[in-house]
Every structure is written in C-alpha cells, then in structure tokens.
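Colleague: In this text, residue positions in the sequence shown follow the numbering used here: the first is 8, and each later residue adds one.
It cannot be assumed that every hint is accurate.
What the hints assert, rightly or not - Below are the DSS-like pairs computed for lysine-lysine, each with C-alpha atoms no more than 27 Å apart in a straight line:
no.: 1; residue 1: LYS290; residue 2: LYS277
no.: 2; residue 1: LYS311; residue 2: LYS289
no.: 3; residue 1: LYS711; residue 2: LYS857
no.: 4; residue 1: LYS305; residue 2: LYS289
no.: 5; residue 1: LYS711; residue 2: LYS653
no.: 6; residue 1: LYS456; residue 2: LYS471
no.: 7; residue 1: LYS290; residue 2: LYS311
no.: 8; residue 1: LYS277; residue 2: LYS289
no.: 9; residue 1: LYS292; residue 2: LYS277
no.: 10; residue 1: LYS311; residue 2: LYS292
Keep in mind that the hints were calculated from the coordinates and are not lab data.
All values reported here derive from a predicted model rather than from experimental measurement.
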Amino acid sequence: MSAEGNADGGRGRQESVGTSTAGQQLPSLSSLFGPPSSMRPLNSPHTERPGIYPSPSPLDRPRLSSSGNLLSSYFPQAISPSQPQSRNPYEFGYNYPERQSAHASTSSLPVPHSPEYPSHGHRGSDARYEPELPRKWSTYGEDGRQEYPVGSRDSSYLQAQDKLRPQFPGPKDPSHDYSERRLSQVHSSDTNTPSTSATVVSSEITVSKDGLGPKIWTGTHFLPRFVRAAEVPGEGMCYFYDDGSHCKTVIDGEAVNAHWGVTKAGKPRKRLAIACVTCREKKIKCDPDYPRCVQCEKFGRVCKFKNASPGSPRAGMHSASPDRGYSKRLKLGPEAYIPNGEPPASFNPRMDYSNPRIAEQPPPEPSLIPDDVLGRAWRTDPYASTPDLITNALTRFFANVDNTMILQFLPEEAFQRWVVSSRGQKSPEDLMLLYSTLAVGSALCGDPKQIAFEYAQVAHYAQKMTGVQCLQLVQSRILLAVYYISTCRTREADELISSAAASAACLQLSLELDHSRESTMAVYPLGLSRTGYAEARRRTLWSLFILERLSGLFPERPVMVNAEDIYTRLPTDLHCFEKQIESRTRSFDPYGGLAKADERSSDGSVTAYYIEIVHIWSDCQAAIYRMALRRTATEQETMKLQDLIKRAKNWFASLPPRLAFGGANLESAAFTRSTGSFLSMHFLYHHTMIELNRHRHGAGQLPKDVQLGHSAECREHAGRVIEMLNSLDRILRVRSALLTIPPPAMAVAVTEAVDVLTATGPMTVLGDVIERVLIAKSAIDRTKNVWEASSKDRLAIDRRLQKLNRIRELGSRPPSPIQGYRLLPLSEDTKEKELNRWQILDPIEQTFPKDMDMIYVGLD
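Kindly produce the complete structure, drawing on both the sequences and the hints.
Modeller: Next up, the structure:
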C-alpha cells in the first residue's frame with residue numbers, strides 16, 4: 008500500500024474513534040456484573056505461587072439457608088416484591104444470617120498472581136478517602152490581592168452554561184447537553200394496559216443511539232436511563248438503569264415500563280404527569296426535555312415547570328426568549344454588566360464579581376461502595392460480562408490518553424489482544440490495571456461521572472490491597488492520579504503520585520531493564536515481549552516524570568523523580584512500541600546539553616522533545632518559586648534564569664520542520680496519536696518564555712529599557728499562544744476529530760497569555776484584544792469539560808473580559824478607583840494629555856509577588 012493510502016487509513020481510524028464511539032459508554036458496576044452467575048473464576052495460567060484472600064469470594068454460588076432464602080447475592084441483594092425498590096444499589100447491608108454448620112467454613116480460593124514477583128500478601132483495609140476541596144494551580148484575584156506566600160489553595164467552580172458554543176470539540180456531559188434531542192420516545196403501547204409477561208415488555212424497549220433508554224426530564228431531574236434487562240436469581244427478570252439501580256419487570260402483577268421505572272414506593276410508574284406551565288396553559292401535549300420541552304423549543308417559547316425546585320438546574324437558568332426588544336445592559340455588580348437576556352457562562356445571581364474571593368462550593372459527594380463489594384468486583388473480569396463495551400472503552404482510552412499529562416505506556420494492539428485472550432484468567436494485578444484504564448477512559452470520554460467514579464473506586468481499593476511491587480501497580484496509581492486530577496481531588500492525586508514514585512523506585516524504573524532487579528525475568532505480564540516490557544517500563548517512568556510536574560501540585564509539592572537520577576533512554580516512537588520492536592533512542596541529558604542535529608533528527612520523536620521541554624519548564628517554575636520564597640536577589644539566580652532562557656531557545660531552534668506548529672504537522676501528529684504531546688510542548692515553550700521574562704527580583708528597580716525588553720518578550724509569546732489557538736480553531740472547524748480533548752497544559756498557557764495581553768494597551772486596539780480574549784475563552788470552555796480545575800481559569804478570563812468591556816463602554820471617562828483600572832496618556836512625552844491608554848492594576852496570576860512581576864509592577 009502506498010504512503011498516501013496509509014495516511015488515508017490512519018485518517019479514517021482517527022475520525023472513527025472520535026465519532027462512532029462517542030455515544031457508547033461504560034455500564035455501571037451493578038448493571039455490568041448483574042447476578043453472581045455472570046462472574047468467572049480467576050485461574051491464571053501464569054500462576055506460579057499459591058495465595059489466599061481473607062475476604063469471601065464473590066465467585067461462589069449464593070448459599071441458601073434451610074428456608075431456601077437467598078443469603079448472599081452480588082449487585083444487589085434480592086428484595087421482596089412488597090418492599091420498596093431502592094434506587095441506590097449500595098444501600099443494602101451485607102449482613103449474612105447465621106448459616107448452618109455445613110456452611111460455617113468457607114473453602115479458600117487459589118488466587119493467581121502476576122508472574123515473577125514474590126508474594127508479599129495483601130495489606131489490610133485502611134481508612135477510606137474523604138473528598139477534599141481542590142487546591143489551586145495558582146491564586147486568582149481580579150479586584151483584590153491575596154497575601155504571599157500562598158498557603159492552601161482552594162477554589163470553587165461554577166457550572167457554566169454558555170450560549171456561545173466554542174469550536175473546540177470535546178466530550179460533553181450528558182446532563183448538560185442542551186442541544187441534544189431525544190432520539191426515541193416511549194412507545195405508545197407503554198401507556199396501554201400492561202401485560203404481565205416480562206417477555207412482551209422487554210421486547211418493546213426502545214434505545215437511543217448511545218445504547219441507553221431516552222432521557223426523560225421530570226421538571227427537576229432526569230429519570231434513570233434504562234440499560235438492559237437481565238435475569239436475577241430470586242427476583243426473576245429485572246431492568247437495570249444507568250444509576251446502578253434495578254427493579255423487577257413485573258411487580259404485583261403489573262408490568263413495569265422499562266423507561267419510567269418505579270415510584271419511591273416501589274410501584275410501577277403508570278404516568279409521568281409532567282407538563283410545563285406553557286403547555287398546560289395552551290392545553291397542548293407536552294414532551295418534557297431539558298432545558299425546554301420539545302414544543303417550547305420548537306416555537307421559541309419560555310418553558311417553566313411548576314414543580315422545579317430552587318435547587319434544580321432550571322432554577323438558575325434564564326429563559327431564552329426570541330423577543331429581545333429591550334437592549335439595555337443588566338448590571339450584575341459594581342463593574343459587571345451583561346447584555347439583557349445574555350448571561351455569561353459563569354453567571355450566578357448569588358455571585359459578587361467585585362469580591363476577589365468566591366464562596367467555596369464543595370463538589371457533590373458521590374456515593375461510596377462498601378469495601379466487601381469492591382473486593383468482589385476487583386476479582387471479577389469486566390470483559391467477561393460486556394466484552395463489546397469494554398473493548399470500546401479501551402479504544403477510547405487509547406485514543407485520548409495522549410491528551411492528558413502522561414504518555415501511552417501500554418501498546419494498544421497487544422493489550423487489546425491480551426484482554427480478549429485472558430478472559431477469566433487475569434491476575435488481581437492485571438484486573439487492577441484494567442479497572443484503572445476503564446476509569447480514566449470513562450472520565451475522558453464524557454461518561455456519567457458516577458460510572459467513572461465506581462470503576463475508580465474498585466481500582467483504588469485494589470492498589471491499596473496489593474502488596475506486590477509490579478509494573479501494573481505503578482501504572483494503576485499513575486492512571487488513578489490522572490483521574491483524580493481531572494475531578495479536582497488533589498489530596499488523593501498527591502498520595503497516589505507519591506505511592507507510584509515509591510513503587511517505581513522499588514522496581515528501579517529509572518534504569519534500563521537489563522540493569523535493574525527485573526533483568527532475570529522470563530515471563531512478562533499483559534502479553535508483552537521483553538522488548539515491549541522494557542519500553543513499557545520507560546514510558547511508565549516518563550509518564551510519572553511528566554505527571555509530577557504538570558499535575559498542578561508542582562512546584563509547591565517537590566518532585567520525587569529527579570531528572571538527575573534517570574539513567575534510562577527516552578521513549579521510542581509509538582509505531583515501534585506497538586510492534587514491540589527494538590529501536591535505539593538517545594539517552595536523556597538532565598543538564599540541558601543538546602545532542603547534535605543529525606542525532607536528534609534520526610530518533611527525535613514528538614515524545615522525546617515533549618519530555619525535554621517539560622524538564623525545562625519545570626526548572627523554570629522551580630527557579631522562580633525558590634526566588635520568590637527567598638526574597639533576596641542573588642547573582643546565581645539571575646544567571647540561572649538566563650541559562651534557562653538559553654536552553655528554551657536552543658530547544659525551540661532544534662525542532663525539525665516536521666515538529667514546527669502548523670496544520671499539516673498537527674494532522675501528522677494526530678495519525679500517530681500524539682496530538683496532545685505536540686500541542687503541549689508548544690504551549691509549554693511559550694509559557695516558559697513568558698514566565699522567565701515576566702518574573703525577576705526587584706522588577707521595578709531594573710532599568711527602563713530592561714523592563715521594556717522583558718515586557719515585549721512576554722507580549723510576543725503571549726500573542727503566539729493566541730495565534731496557535733486561532734490556527735487550531737480553523738483546523739478543527741474542518742477536521743474536528745484531530746483533537747477531541749484539549750490537553751491541560753493549554754489552559755495554563757492560555758490564561759497566562761490573557762493576563763499579559765490585557766494588562767495595558769492603547770484604546771485603539773481594545774476591540775482586537777477583546778476578540779483575542781474571546782478566542783481564549785472558547786479554548787478554556789472545552790478544557791474545563793474534562794479538567795475541572797480549568798473552571799477557575801474560565802472564571803478569571805470571564806472577569807477580565809467583563810473589565811475590558813467596561814473600559815470600552817466608558818471610553819475616555821475617568822474610572823473610579825474601585826473599578827480596578829485607570830486611563831493614562833498614550834505616552835508620557837506627548838503634549839496631548841488625552842486619556843487613550845488603559846492599565847489594569849491587578850494581575851490574574853498571583854502565584855508570585857507583584858513586585859517581581861515585570862508586567863504589572865509599574866502600574867501601581
């Protein structure tokens with residue numbers, strides 16, 4: 008096949024991953040495992056040592072007492088038809104009645120282990136993690152200053168609902184998808200007299216394109232969506248829903264509508280009795296939907312539900328009416344205005360934008376699964392129950408993992424084959440890794456958050472209970488840390504990163520395989536060859552190296568994987584890794600020395616350059632952080648910053664033409680599944696140059712020409728960041744599948760660029776600056792859909808955008824001091840004293856002291 012044909016094939020594959028799989032999601036744990044009979048025992052052919060788990064096995068058949076009642080079932084227990092049907096499958100207590108003497112003792116179950124690792128047993132259960140308010144990447148304050156040094160960094164997040172849809176594609180939360188219309192409605196036969204046959208009822212079930220039942224809005228919330236029907240021992244045929252609940256198909260002789268489910272009393276829901284006020288007044292049939300019913304959406308009417316509670320999503324919504332004759336702007340605060348009927352994405356009536364500190368709003372507490380349930384789920388191969396969904400979820404994981412802050416450390420083809428071939432034979436360490444990949448894949452692809460959290464709970468429990476130091480343990484902890492970072496659970500992420508670093512040190516991942524303790528291994532896990540396992544070790548270590556630095560915890564949290572202690576090679580290209588073939592790559596130089604151009608071009612993959620700029624960027628952050636804490640200028644620190652600038656420029660100059668930023672190169676990166684690394688390295692380079700030129704000791708005392716030179720460098724690189732966003736937006740309008748999830752490094756660079764570009768400027772370019780900020784805002788909109796920490800970036804940019812609009816509205820009229828900006832003549836030397844230049848007083852980025860800020864130090 009020609010090279011062009013290969014490129015076309017790669018293009019088709021990328022687009023298929025980005026589109027065809029978007030509607031399929033992982034099932035919840037309860038609907039996945041169903042009855043105990045669906046589980047398979049774990050008999051690994053690679054097991055070379057015995058082991059005993061202290062907890063009861065979920066793989067045993069349910070034991071019956073002398074009365075014949077079901078004593079132990081899995082997901083969930085049997086419930087009498089006369090009892091109310093609970094919607095939470097984890098509410099049931101797992102209290103086993105006294106068994107007869109024949110059942111007093113349980114036979115021990117031989118448990119498979121990963122090959123070639125000594126058995127150290129499993130640790131006892133420890134305290135469960137509790138949710139914690141996330142800490143900030145940096146402290147933002149638009150109208151007030153927060154004292155330095157920064158302590159704990161908390162942030163609150165606004166659930167944004169913006170009518171301005173950005174062009175950056177990405178996964179969307181189903182509960183917030185306003186434009187999605189229900190593809191199928193409840194059959195008219197469902198409203199007729201129900202049949203007592205479960206078979207008849209199940210045959211009339213309709214599903215939407217994502218494989219679930221239709222989304223039914225009740226006026227306050229969505230009903231749980233139907234997943235599947237399955238036989239449950241002791242209960243008969245049951246319906247399973249995406250929230251983990253289930254109910255019988257026939258209750259008290261009445262058939263249950265699969266989509267409507269049951270009431271709180273456990274009775275079949277016979278009618279929805281839902282209609283909006285508008286449809287009631289007009290006496291027309293109402294098809295409820297969110298945010299407006301089908302009829303109100305079609306005719307552009309105001310849609311309100313009488314039973315909408317103050318806490319419901321609709322309570323905070325503004326009706327979108329086509330009649331906007333009143334064009335005056337609405338005042339939100341002392342300096343915050345919006346067009347009438349056009350609330351900003353982050354608008355909340357209770358928010359005061361003049362207050363620099365936002366009231367903390369902790370994330371909702373997800374339901375926790377009991378440890379005994381997690382233990383049984385851990386020993387169950389999810390592929391045995393729903394192979395198609397698991398395969399699809401793994402495909403989505405591999406398609407998006409490069410858009411995180413780690414590398415792909417598993418070869419997709421070999422891993423997918425191993426998942427299929429080892430059905431029912433995976434070791435506990437293997438299952439721990441599988442659950443970790445499913446949790447991250449579900450979180451990245453927009454599945455319901457509760458589903459991703461369930462898989463993460465199983466993986467988290469597994470890594471706590473695993474006492475064997477193995478590569479799967481390090482990889483699982485890295486993946487779980489990525490999941491917790493995406494959901495702003497920074498304490499758990501911090502602990503997992505530290506645990507992963509400790510396990511990596513135990514396995515000597517910083518050394519090549521032939522020089523490590525694992526050099527004598529003969530059998531390798533996950534279906535890998537020795538070459539593939541050696542490269543997986545390298546990529547796992549480099550993933551941990553990047554994760555420690557880009558997690559948002561650095562530089563406050565010092566790194567444990569030091570660059571000077573790494574003696575392994577840089578990763579090979581993804582093609583060689585997938586084929587598990589040997590490819591010589593250069594060693595990593597932690598001291599910034601650059602290899603010769605011919606050597607770099609021969610093996611310089613995107614990943615290698617990405618790792619090098621991450622190293623330079625982290626050295627930059629650490630140097631400025633130490634300089635800010637010491638508060639005394641030293642010649643060594645100044646020389647360090649100059650050396651970092653030189654290293655960054657040399658890195659950029661060494662990029663081959665195929666890695667320069669551009670549409671063709673971005674498309675090539677997409678074919679090799681390295682789009683995230685390609686974008687991240689360019690964003691990190693410009694962010695590094697901004698930071699190195701922006702922060703200096705005694706910035707206000709430096710000569711004027713030095714200040715102007717550093718400020719010009721900052722603005723140049725900030726402009727390059729916005730130009731990258733603009734180019735990326737044009738590319739994605741045509742080829743949206745090239746980037747489904749923006750990398751988190753983009754939000755950091757974009758926010759810094761907005762801070763620099765909007766600090767000051769002539770009034771004649773204010774309109775262009777506002778347009779640039781809107782481009783940045785669109786990029787952050789898509790980033791925050793996956794990386795919740797980006798919500799604070801979006802809020803900060805919104806505040807700055809409101810201030811710029813305020814400046815444009817008032818024009819040359821002098822502002823009041825409380826408005827946070829001032830107007831000055833364009834030049835101090837000009838004789839004309841017209842106020843035609845704005846200056847915003849407080850920066851967005853307040854991690855470092857203002858007297859070190861070259862952009863804002865002269866604005867007081």
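Colleague: The structure should be examined with respect to each hint, and the outcome stated for every one.
Modeller: Evaluated hints:
no., hint, result
1, LYS290 with LYS277, "holds, 21 Å"
2, LYS311 with LYS289, "holds, 13 Å"
3, LYS711 with LYS857, "holds, 17 Å"
4, LYS305 with LYS289, "holds, 15 Å"
5, LYS711 with LYS653, "holds, 23 Å"
6, LYS456 with LYS471, "holds, 22 Å"
7, LYS290 with LYS311, "holds, 15 Å"
8, LYS277 with LYS289, "holds, 24 Å"
9, LYS292 with LYS277, "holds, 17 Å"
10, LYS311 with LYS292, "holds, 15 Å"
When each numbered hint is compared with the structure, no violation occurs for any of them.
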